[in-house]
Amino acid sequence: DVKVTQSSRYLVKRTGEKVFLECVQDMDHENMFWYRQDPGLGLRLIYFSYDVKMKEKGDIPEGYSVSREKKERFSLILESASTNQTSMYLCASSLGGSNQPQHFGDGTRLSIL
Amino acid sequence: DAKTTQPPSMDCAEGRAANLPCNHSTISGNEYVYWYRQIHSQGPQYIIHGLKNNETNEMASLIITEDRKSSTLILPHATLRDTAVYYCIVRAYSGAGSYQLTFGKGTKLSVIP
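For the record, the sequence lines run as chains A and B.
Just so you know, the numbering used here puts 104 at position 104 of the first sequence, and the rest follows in order with no gaps.
Just so you know, the numbering used here puts 112 at position 112 of the second sequence, and the rest follows in order with no gaps.
With the rest of the complex left out, here is chain A:
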């Protein structure tokens, strides 16, 4: 079974802090993704990566950056956390290719106070 592990289920941080969310997958997947999920807005793609050190912006990259130094690990960074970044953050991975499904972790519920 595919395993996507997010480092924390719940996280509370303060406004202005730099926040790191970590994601690890154990299936040697080429692609990795970060989404946020908010009530009424569905899933929105923040960033994705199709290879080590490669990244592409999704629909809402502002205020975020990412790092992929190793194939299995994809980190999301909130440079200076703000209250409007309070959300559920979901990491996903998939094989490369045109129709491969994305497999999700259990999410990190982040609260910015």
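Hints are computed from structural coordinates only; laboratory data are not their basis.
Don't take every hint at face value.
The calculated lysine-lysine pairs, modelled on BS3-like cross-linking and capped at a C-alpha distance of 27 angstroms, are [to be verified]: (1) A/Lys-57 x B/Lys-108; (2) B/Lys-3 x B/Lys-52; (3) A/Lys-3 x B/Lys-105; (4) A/Lys-3 x B/Lys-108; (5) B/Lys-3 x A/Lys-57.
Note that the coordinates shown come from a computational prediction; the quantities given were computed from them, not determined experimentally.
Place chain B on chain A using the hints.
Frame of chain A, contents of chain B only:
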């Protein structure tokens, strides 16, 4: 990506087959149909996907009509743990910008003891 229409909610008796419909009348030839589900406070779970042939795996079966304008997800023997929101998604691969998964409102399936 084509729009999908699903009923907002359904009930199913435990042990019976759950048949979840999805309408995607504007689907184009290169778009796949994916099904995911999300149990409260967890990340989305991939179930199955297909292009035009019926598909079956250990979790479910996917029946796609010959004109591909609708599909049905079948959970053959529903259990209480299958209570979740089920999302039908159609998606084509057309380059880097197509990785976004667009989740609609889905169908809330309640399995009744």
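Do the hints match the structure? See the list:
The straight-line distance between the Cα atoms of A/Lys-57 and B/Lys-108 is roughly 31 angstroms, outside the 27 angstroms bound, and the hint therefore fails. Of the supplied pair hints, the one linking B/Lys-3 and B/Lys-52 holds, its CA atoms being roughly 17 angstroms apart against a limit of 27 angstroms. About 26 angstroms separates the Cα atoms of A/Lys-3 and B/Lys-105, which keeps this hinted pair within 27 angstroms; it holds. For the proposed pair A/Lys-3 and B/Lys-108, the alpha carbon gap of about 25 angstroms is at most 27 angstroms, so the pair holds.
A hinted pair counts as satisfied when its Cα atoms are at most 27 angstroms apart, and B/Lys-3 with A/Lys-57 qualifies at roughly 23 angstroms.
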